[in-house]
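When you get a sec, could you build the whole thing from the sequences and use the hints?
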Amino acid sequence: MSDYTPSEMMTIAAARALRNEDICFVGIGAPSAACNLARLTHAPGITLIYESGTLATKPRVLPLSIGDGELCDTALTTVSVPEMFRYWLQGGRITVGFLGGAQIDRYANLNTTVVGPYDKPKTRLPGGGGAPEIAISCGEIFIIMKQAPRSFAAKLDFVTSLGHGEGGDHRQRLGVKTKGPTRLVTDLCIFEPDAETKEMTITSIHPGVTRDVIQENTGWPVRYAASVAETTPPTADELAVLRELHARTAAEHGKAA
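Under the working numbering, the letters of the sequence shown match residues 1 to 257, in that order.
Keep in mind the hints are simulated off the structure, nothing from the lab.
A portion of the hints provided could be inaccurate.
[What the hints assert, rightly or not] Computed spacing ranges between beta-carbons, pair by pair:
no., residue 1, residue 2, range
1, SER65, ASP169, 17 to 23 Å
2, SER80, GLY29, 20 to 26 Å
3, GLY69, SER227, 45 to 51 Å
4, GLY127, HIS253, 39 to 45 Å
5, TYR87, GLU244, 33 to 39 Å
6, ARG93, GLU196, 28 to 34 Å
7, ASP237, ALA154, 38 to 44 Å
8, SER7, ARG211, 33 to 39 Å
9, ALA236, GLY116, 31 to 37 Å
10, GLN215, GLY69, 42 to 48 Å
11, ASN20, SER227, 25 to 31 Å
12, ARG243, LEU76, 36 to 42 Å
13, ASP119, ARG150, 16 to 22 Å
14, ARG150, ARG93, 31 to 37 Å
[Said to hold, decoys possible] The calculated DSS-like cross-link candidates involving lysine-lysine, where the alpha carbons are at most 25 Å apart (straight line), are:
no., residue 1, residue 2
15, LYS179, LYS155
16, LYS122, LYS146
17, LYS146, LYS179
18, LYS120, LYS155
Built from N, CA and C at the ideal position, the CB exists for glycine as well.
Shown next as structure tokens:
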């Protein structure tokens with residue numbers, strides 16, 4: 001039996017994708033955990049930016065929202081939201097955007113708006129926030145999501161944030177010059193876009209996970225790369241740092257965390 005959970009494997013695999021030199025626009029929740037784990041392990045020089053305008057923030061605990069005081073308290077500086085989006089994001093100064101979502105499709109388009117019909121939804125979700133702009137303006141996008149049939153949908157109920165659109169060169173035809181989603185990390189595996197079709201294709205499977213389980217938790221026929229690796233299990237150091245981060249957060253925020 002493994003000594004780590006699927007969620008820990010997902011967070012650690014996502015954190016490994018980040019580089020020390022990255023300037024990263026961080027989403028709240030799982031993206032924040034992955035980005036701060038990277039900062040506390042192999043990428044101490046990474047610059048983390050949150051939507052509220054905090055630059056080079058180094059939170060001691062994971063923030064509950066973009067308005068969490070921990071972000072301002074530990075940032076190099078805080079700028080206005082218009083400056084953050086117009087100068088930093090739309091100015092092409094951010095290398096990676098790290099996002100999650102309620103639903104994703106095979107081309108990594110994301111839904112964070114509604115489940116069900118827009119005018120009479122089953123569930124109204126938090127909305128896009130800055131994610132639609134992050135998705136088209138960062139150099140590339142990493143996505144972290146738990147895999148399930150309802151969240152990995154054949155067709156989205158609403159497209160909040162552009163991934164690869166309808167596939168192929170759709171982003172370019174829309175006038176979007178950035179790479180879009182280059183990595184999707186789940187609790188089961190890692191996807192990367194096919195070079196031609198841009199369909200998210202499995203390149204690595206986490207230890208102990210079968211292809212049948214992956215398909216059962218995906219709403220479309222899964223495609224695999226020509227060569228599929230097994231994800232390297234978490235190291236003792238990665239697990240210790242991640243668990244300490246979550247423990248500090250739980251002590252600080254209690255049930256809200």
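Now for the hints, and whether the structure bears them out:
1. SER65 / ASP169: 17 to 23 Å: 37 Å, violated
2. SER80 / GLY29: 20 to 26 Å: 24 Å, holds
3. GLY69 / SER227: 45 to 51 Å: 46 Å, holds
4. GLY127 / HIS253: 39 to 45 Å: Once the Cβ atoms are compared, 23 Å apart, the range 39 to 45 Å for HIS253 and GLY127 is violated.
5. TYR87 / GLU244: 33 to 39 Å: At roughly 35 Å between Cβ atoms, GLU244 and TYR87 fall inside 33 to 39 Å, so the hint holds.
6. ARG93 / GLU196: 28 to 34 Å: 30 Å Cβ-Cβ, so the 28 to 34 Å window holds.
7. ASP237 / ALA154: 38 to 44 Å: 39 Å, holds
8. SER7 / ARG211: 33 to 39 Å: The hinted range 33 to 39 Å is violated for SER7 and ARG211, with Cβ atoms some 21 Å apart.
9. ALA236 / GLY116: 31 to 37 Å: 44 Å, violated
10. GLN215 / GLY69: 42 to 48 Å: Given a distance of about 44 Å, which is inside 42 to 48 Å, the answer is holds.
11. ASN20 / SER227: 25 to 31 Å: About 27 Å separates the Cβ atoms of ASN20 and SER227, which means 25 to 31 Å holds.
12. ARG243 / LEU76: 36 to 42 Å: Violated - the Cβ-Cβ distance for ARG243 and LEU76, about 27 Å, lies outside 36 to 42 Å.
13. ASP119 / ARG150: 16 to 22 Å: Holds - the Cβ-Cβ distance for ASP119 and ARG150, about 21 Å, lies within 16 to 22 Å.
14. ARG150 / ARG93: 31 to 37 Å: 36 Å, holds
15. LYS179 / LYS155: 22 Å, holds
16. LYS122 / LYS146: 21 Å, holds
17. LYS146 / LYS179: Status holds; Cα separation ~23 Å.
18. LYS120 / LYS155: 18 Å, holds
In summary, the numbered hints that this structure violates are 1, 4, 8, 9 and 12.
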